[in-house]
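Undergrad: With the hints as constraints, model all of the structure from the sequences given.
Protein sequences, first through last, are from chains R and D.
Going by my numbering, the letters in the first sequence line up with residues 1 to 456, in that order.
Going by my numbering, the letters in the second sequence line up with residues 1001 to 1219, in that order.
In case anyone wonders, no lab produced these hints; they're calculated from the structure.
Think of the CB as a built atom: it goes at the ideal place given N, C-alpha and C, for glycine as much as any other residue.
Treat the hints with caution; some may be incorrect.
Distance ranges between label pairs, derived from CB positions [as the list claims (entries may be wrong)]: (1) D:Val1014 with R:Val3: 19 to 29 Å; (2) D:Ala1138 with R:Pro441: 45 to 55 Å; (3) D:Arg1184 with R:Lys57: 44 to 54 Å.
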Amino acid sequence: MAVGAAGYRYRPETVDRISEILGAARTAGVPVVARGSGCSYGDAALIPEGLVLDLSKMRRVAAWDPADGIVDVEPGVTVEQLWRHTLGDGWWPPVVTGTMEPSIGGCLSMNVHGKNNWVRGTMGDHCLELDLLTPDGGLRTLSRETEPELFHAVIGGFGQLGLVTRARLQLKRVHSGLTEAKAVAAPDLGSLLQRLDDAKNDWEYVVGWVDAFPGGGKLGRGLLHFARHLEADEDPDPAASLNPANQDLPGTIFGVVPKTQMWRMLKPFTNNPGMRAINLAKYLHGSVFADGAVYRQSLAAFSFLLDYVPDWKKIYLPGGLIQHQSFVPASEAERVFSRQLEICRRRGMPSYLGVLKRHRPDDFLLTHAVDGFSLALDFPVVEGRRDELWAMVRELAEPVVAAGGRFYPAKDAALPGELYRASFRNGEIEAFRGLKRRLDPDGLLRSSLATRLLGD
Amino acid sequence: MALVARRREELERVTSAINAETGEDRAFFRAHDVRETGGVPELFQGIARDLGGLDLVVYAAGVMYPVAFDEFSPDKDMDMLDVNLRGAVAWLDPAAERFSRLGRGTIVGVGSVAGDRGRSGNPAYCTSKAGLHAYLEAIRNRVARDGVRVVTVKPGFVDTPMTRGLDGLFWLISADRAAEIILRKAERGVRCAYVPARWRWVMLVIRSIPSSIFRRLKV
Chain R
1 MAVGAAGYRY RPETVDRISE ILGAARTAGV PVVARGSGCS YGDAALIPEG LVLDLSKMRR
61 VAAWDPADGI VDVEPGVTVE QLWRHTLGDG WWPPVVTGTM EPSIGGCLSM NVHGKNNWVR
121 GTMGDHCLEL DLLTPDGGLR TLSRETEPEL FHAVIGGFGQ LGLVTRARLQ LKRVHSGLTE
181 AKAVAAPDLG SLLQRLDDAK NDWEYVVGWV DAFPGGGKLG RGLLHFARHL EADEDPDPAA
241 SLNPANQDLP GTIFGVVPKT QMWRMLKPFT NNPGMRAINL AKYLHGSVFA DGAVYRQSLA
301 AFSFLLDYVP DWKKIYLPGG LIQHQSFVPA SEAERVFSRQ LEICRRRGMP SYLGVLKRHR
361 PDDFLLTHAV DGFSLALDFP VVEGRRDELW AMVRELAEPV VAAGGRFYPA KDAALPGELY
421 RASFRNGEIE AFRGLKRRLD PDGLLRSSLA TRLLGD
Chain D
1001 MALVARRREE LERVTSAINA ETGEDRAFFR AHDVRETGGV PELFQGIARD LGGLDLVVYA
1061 AGVMYPVAFD EFSPDKDMDM LDVNLRGAVA WLDPAAERFS RLGRGTIVGV GSVAGDRGRS
1121 GNPAYCTSKA GLHAYLEAIR NRVARDGVRV VTVKPGFVDT PMTRGLDGLF WLISADRAAE
1181 IILRKAERGV RCAYVPARWR WVMLVIRSIP SSIFRRLKV
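TA: Here's what the structure looks like:
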């Protein structure tokens, strides 16, 4: 239900100012939600009639040690700022998102993963310590050694236990700003999963793209992209490739179309027939001309696919889009994902973009990762079919829960709370609620997402 | 949904009926007298917060006292102005401000066919409704550019305790029917509508009667 809710937005620049704002919100009885770059797909940074603590002005790189690759950042520092700061010294964030816009505070609160989740884990796995400002105004430093329970709950706790005001990250040594990438086609879902799984031990980055339109024997066909960092002796001019200026994405597409205007050109195709054609063209190109191609690509160009078309989300206007990403144990993945694609086809609401990744479990309390695969599906929100789409998300999620799978709050807008809670079988939700009661007894920190997923 | 009115027992009854019908805790109420305008801003903000947002505000408070043809009663007249007009301004000012900031929202004011002319039968009632029409038109002109819709509805005779026992009623409709029409108008965001629509033609005639003639009519 669309509701015209109001909010108050504050953009503090210091930790003291955050404390003041929290105090004022407590006095006024207004809930508070933290916001980084606003990249979550759903309601993670929203609270109706509440106070939005926009941390995007706290974007200083507080300390950088180029000898050991350890960086201290404020929460509003973006992935882009981070790699631009460190790449020249030969360091790259070990985990990056598909766009370079997200803030590090948001990345840790959602415990994001990248295309190398199988080998590197999540962003949280590379966090050495963080400062947490709790709703009572207390500031504490957490690490996996000093307060392991809280550390593993705050990371991935979508901002419900406190605000991350500083994070220390360990970056990854790279000897070149280039990757060697490979593209492979797969004619159906089974072979797509198999080839992704086979590649995960040889390549740092593995990601699959799924054409969600065809059914039958072509169900789940797609393309795979693998990449690895170049070694020191492979790059003829590492100083040049490590220069952030040489990592810039091209400003035009096909050399002529300014990419800031690209979304306007895609808009006429944002419907079922148009997207079927685009997906088909992409698959045909990848399977006929580019199958098995090996090429070199800059780190940024390989990593940040979502930044190729700025404002790509606008192609979904006026209704917008939602994404549903399910994580399913490896043995169940083909069965569950086939069923999901069939459900979308049967309901006449095919996904316009499907992305497949390989994951590994981790130690975080509300983790989304399992030893298996994830399939992320983008859907347009069309006026008059909203309820149907939300009902479909429920239908997509049910087999995931039955198979012991998980979901990803960063991407979610429509998952029914009871299914999210049912995906945790060892009391994780109760443990998280216990921490919440301890650190935020009045429930000052709230988001629509948390209210929906965690329940009361 | 938030219900605001004076009588607590009635509010309890209607609120629980709504919640029983929807099977959710969708409705709540606040007991309030619109003549107490001082507390409105705080009450309005609190309601918006408790609702978790606000899309539609309907100002339906109104009183009409029976006034004898030769009666001049400042008490009755001031009370009608307080409830029908001053209360509306007190509630709809903050609503218009909020909606114009958000860039969306709908305001409905319940006027009356009686506000279209100054009838000799009930001067202050006509004045309060005419004032309300002018106020609604003015705030509509202020906030329309922000995407906010202000709907003036002008019901004819509606079967409520206010009209019961009056002489010369015609085209009487039930309160439920009137509410249904009003909500439909609100949804479509029309600027001004008679309820039911056939009053439009009657009022077109009545509005065009010259004052020199209207003065001699017993309406």
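Undergrad: Are any of the numbered hints broken by this structure? If so, which, sorted upward?
TA: Violated: none.
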